[in-house]
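Asks: This is what each chain is made of:
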Amino acid sequence: MATGIRDKVVVLGMGCSRFGERWDQDAEDLMLEAFDECLADAGIETARIDAAWFATAMDEVNVGKSAMPLAMALRLPLIPVTRVENLCASGTEAFRGAVYAVASGAADIALALGVEKLKDTGYGGLPQRARGVTNSLFIPNLSAPGCFAQLATAYAARHRVAPADLKRAMAQISVKSHDNALENPRAHLRRKIDIEAVLRAPIVAEPLGLYDCCGVSDGAAAAIVTTPELARSLGRTDLVSVKALQIAVSNGQEAGHNSWDGSYILTTRRAAARAYAEAGLRDPAAELSMLECHDCFSITELVTLEDLGLSPGGRAWHDALEGRYNADGALPCQIDGGLKCFGHPIGASGLRMLYEMYSQLLGRAGKRQLASPRLGLTHNLGGFPYQNISSVCVVGLLA
Amino acid sequence: MSGGTALGIAACGGYVPRLRLARRAIVEANAWFNPGLKSHAAGARAICNWDEDAMTMAVEAARDCLASDGVPEIDTLLLASTTLPFLERHNAGVVRAALALPEHMMTLDVTASQRAATSALITALQARRGRPGGALVVAAEQRRARTASAQELSYGDAAAALVIAETTTPIAEFIGAHQVAVDFVDHYRGQHAPFDYQWEERWIRDEGYLKIVPRTLRGLAAATGLAAAQIGRLVIPVGRSAAQAIAKAIGAPPQSVCDDLSQGVGDSGAAHPLVMLAHALEHAVAGEIIVAVGWGQGCDAIAFRATGAAAHRRVGGGIGQSIARGVADANYMRYLAFNRLVEQEQGMRAEADRQTALSAFYRHRDMVTALVGGRCVRCGTPQFPPSSVCVNPECQARGEQEPFRFADAPAHVQSWTADNLTYCPDPPQYFGMIVFEGGGRMMVDFTDVDRETIATGAPVRMVFRVKERDSRRGFVKYFWKAVPGRARAEEDRGDGH
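Note that the protein sequences, when read in sequence, are chains E and Y. For the first sequence, counting from 1, position 263 maps to 263 in this note's numbering; every step adds exactly one. For the second sequence, counting from 1, position 279 maps to 279 in this note's numbering; every step adds exactly one.
Hints are computed from structural coordinates only; laboratory data are not their basis. Here the structure is a predicted model, which is why all the values come from computation and not from measurement. For each residue, glycine too, the CB sits at the ideal point set by N, CA and C. Do not take every clue at face value.
The calculated label-pair distances, taken between Cβ atoms and stated as ranges, are [stated by the list, open to error]:
hint: 1; chain 1: Y; residue 1: ALA330; chain 2: E; residue 2: ARG191; range: 38 to 48 Å
hint: 2; chain 1: Y; residue 1: SER39; chain 2: E; residue 2: THR134; range: 49 to 59 Å
hint: 3; chain 1: E; residue 1: ASP29; chain 2: Y; residue 2: ARG473; range: 51 to 61 Å
hint: 4; chain 1: E; residue 1: GLY252; chain 2: Y; residue 2: GLY485; range: 25 to 35 Å
Take these sequences, add in the hints, and give me the full structure.
Replies: Written as structure tokens, this is what we have:
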């Protein structure tokens, strides 16, 4: 029986570029910005990296296909480099590849790097992406906000929440993330907003308004991982280890079978259950110190908090309004501003979340620093509520 | 008549698109240029939604017709129109596929004249005598006209369908027909011309309508032995006053001249004789003589005797219900945009390439054109799209699905949104998850949405529509969409309290 990944791999170094509308930077520049910080943090030479995983999601506007753009930008020494793409979970997929390589013993030191250059499309919002020749014959004329908007209507129907109450709770989620980003110099959107501003904003897809949607940003993030033994031999004492790393992928059940009511994310529930078992968490709501979840839209964060078992079903909107997930709440969520305000360069986002957890665990988070966190969770959701990829990763201080 | 059966019309149906553009809106926008338009500001004309065309209207009219009782097995499909979306690609073949009619049948596009539909109807009647089964004759027209033209005001978009058969219970028995071919060019549209070119109205009336139509009707009387005075309903799609003058000229009762539907629908060109005929059939009483005329480089005239069966046979809504469900529209600019009559800034999202992989389309033609999914033989679960492995997590049977058509399956809205981000010719784009009551679901585009009634739990009806137009290559991609109806009271607004 598989023993899982718990405590087999530690983070040796991390880096993260400033996120935002980086008009004067190519994807290669962003990769180097994240990598240089990561390498300095790890305290090694590039030549020590045995293998690398590279995450980008949007071929159409980014660096194109294959792993070569990473190898070329960093001038990696002809090592194995693999490009991974799993929509918004791509960054966590790259991390998983690197972590598994080290855990297997195939590599001593591995790199995961994600980058996305989204602001070369000429318009706001996510780029149009190809859906495949067969899918384009019949799938609806949809957008991401349109799909996630239906998560809100289905959640409201399932839990009998009045639309106005839900709208206000979603607004609070965005207000909280804006507050958190004020303390993050690398975040894309750093402006305080209030609930009334969120409620007044133009509607993107009913009931989601502009401030219910995350930023679309350029950026990159990177991690170098190794074994606890090797990290100690390099002189590292405070070690952040991977406690769990799980991914669940839709098989079409939600989209095609009437057992799903549209009010939750089936894959997140599966991935979370496996991750908690892998990490040995019995009461995650009490044991976790903090989390970064995939708040592509305010409603996604709200529903995810229930799917992760951190709020009881139908209660996350109350918990959000009562401040449970604020920076000074019982379980701070999106302490760095989240996708909402740090920004969402797709391939980098999973690694950006880990960067914040890592920084917090090592006490390096500056003005955002929480009091002695020990365990953090990151969560990505790629695709749409009705067919998607969910990842759940738990990291913590190695005892 | 033989063995208690009679050749005639076994079923009829029709379709008028939902939007009715007020003529006043057209006149107000254009009277500065052509003050003469002001005298034609009364009423409204039917206009297609952006995702409708002659093909989609033909499918809806045919579905309405085929939903009637007593429809025999269809072995022939004639599609009449001068505005078919493809100059080459068999349009009737697309209609056949969308209706899920059998592959082994005759299909034919009949075009290039305003009397295409009546000629198709006569052909179907003549070919059917002594044969079992039925022929489906469908006529549809989406008429294009220049802005500020008289035609922009008078034209309308509509479709109608008839089933021709030898049956014991026809709606109307065929009496006889007469045809006259004259190269009288009142208007024409050359191969690459987007619009009709018209000659003078007074000449058309005096030398055309008032001479050629009576000549044809006298020929019909001679061929059938009918006297003009016997005519109970006279279908003449040439305008009210000319029709009255024709009736007078041949001695038909003035009250026999049927409503030309100009006030609420407009002149739907080649489809119009069948639209008016379908309308007349819905009101005809037993024994009434109905004469339908088709005009266009000559004239067709067809005589029927109504049996009165139509009134208690309908299952589809009929042309009358289609007319009644019109929604008033005063947005002339939107009509121009829908019909690509203005160069509109649509934003960069509209620039996405919409090429269709024809080989992939062919593999999935039943799914795309006929909305055929799968039904697992082992667990009974209907599913869309069809797949090799059953979607039911408790089953997952391999390779055990039979075709299952969702087009007529009852369904309701599970979740929906109005999306302002994605490119849509008529924003916002409504789409959402619908659940079929017998099992199965799909994420679909909604169309013909009434903002006040779309809600979780609202019933939907599937319709065949344009999914996208590939303007770079001239291809039209069709698929099915859901039209939300009013929710039943107990389900209304299940998404809040």
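Asks: Work down the list of hints and note, for each, if the structure agrees.
Replies: Taking the hints in turn, this is what the structure says about them:
| no. | hint | result |
| --- | --- | --- |
| 1 | Y:ALA330 <-> E:ARG191: 38 to 48 Å | holds, 41 Å |
| 2 | Y:SER39 <-> E:THR134: 49 to 59 Å | holds, 54 Å |
| 3 | E:ASP29 <-> Y:ARG473: 51 to 61 Å | violated, 38 Å |
| 4 | E:GLY252 <-> Y:GLY485: 25 to 35 Å | holds, 28 Å |
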